[in-house]
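Q: If you read the protein sequences in the order shown, they are chains H and Z.
My numbering numbers the first residue of the first sequence as 17 and each following residue consecutively.
My numbering numbers the first residue of the second sequence as 0 and each following residue consecutively.
A portion of the hints provided could be inaccurate.
[To be verified] Some chain H residues judged to face chain Z by a derived CB distance under 10 Å, without partners named:
id	residue
1	I20
2	R116
3	G124
[Stated by the list, open to error] To be clear about the criterion: a stretch of chain Z counts as covered by chain H if any three or more of its residues have a C-beta under 8 Å from a C-beta of chain H, and this derived list gives those stretches:
id	segment
4	40-53
5	89-96
Simulated from the structure, these hints should not be mistaken for lab results.
Even for Gly, the Cβ is constructed at its ideal location relative to N, Cα and C.
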Amino acid sequence: DAEITQSPRHKITETGRQVTLACHQTWNHNNMFWYRQDLGHGLRLIHYSYGVQDTNKGEVSDGYSVSRSNTEDLPLTLESAASSQTSVYFCASSEGQGGRYEQYFGPGTRLTVT
Amino acid sequence: TQLLEQSPQFLSIQEGENLTVYCNSSSVFSSLQWYRQEPGEGPVLLVTVVTGGEVKKLKRLTFQFGDARKDSSLHITAAQPGDTGLYLCAGSQGGSEKLVFGKGTKLTVNP
Numbered sequence: 017d018a019e020i021t022q023s024p025r026h027k028i029t030e031t032g033r034q035v036t037l038a039c040h041q042t043w044n045h046n047n048m049f050w051y052r053q054d055l056g057h058g059l060r061l062i063h064y065s066y067g068v069q070d071t072n073k074g075e076v077s078d079g080y081s082v083s084r085s086n087t088e089d090l091p092l093t094l095e096s097a098a099s100s101q102t103s104v105y106f107c108a109s110s111e112g113q114g115g116r117y118e119q120y121f122g123p124g125t126r127l128t129v130t
Numbered sequence: 000t001q002l003l004e005q006s007p008q009f010l011s012i013q014e015g016e017n018l019t020v021y022c023n024s025s026s027v028f029s030s031l032q033w034y035r036q037e038p039g040e041g042p043v044l045l046v047t048v049v050t051g052g053e054v055k056k057l058k059r060l061t062f063q064f065g066d067a068r069k070d071s072s073l074h075i076t077a078a079q080p081g082d083t084g085l086y087l088c089a090g091s092q093g094g095s096e097k098l099v100f101g102k103g104t105k106l107t108v109n110p
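The shape of chain H in the complex, shown without the other chains:
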């Protein structure tokens, strides 16, 4: 069965360190998204990609970067981790165009920056 996976599921890191969160999907979807979820803010879009070599900034992209070298993977990198980036991170993917397609979410990565 197709799926979307994230790793690690939990991560503790120190302020200033570079951290990369992995996202891998086997749906063969062109569209991939990274969100962060915080109490009181809901899900906020960090970066997204509509295909290989395409990346775009979302509403909370400062301090984060992504790259898309193949269809299956969209790793999220925190250049220099800050305590404000402590959050739960979700990756999602969807097919097609037109804004009507379901986004399939991974199980999330809980990141703690100390």
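Given the structure of chain H, go ahead and fit chain Z onto it with the hints provided.
A: Here is chain Z on its own, set in the frame of chain H:
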């Protein structure tokens, strides 16, 4: 500024009661989706509505998209403990694949 406002933020009810959750905006959306999220998991799609005035039913859940495509509601009839979770509305503007999410309604159904 929150593009999609959900209310109430928290709702605690007894099994068998009915409830309605609202998702409102001053902006027009080309489509509106409702997701449910359980603790420790990612959101899962419940329904997509795309036409103003559209009503969709999923067993005991009824979803409505406002005529002007600026708001939506989710009504649950005879709630069960299995309905407990975080309900999120999400909208797409101009046919974009990007979704804007509301902050969610945390529903607890007590047995």
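Q: Please list, smallest to largest, the hint numbers that this structure does not respect.
A: As far as the earlier hints go, not one is violated by this structure.
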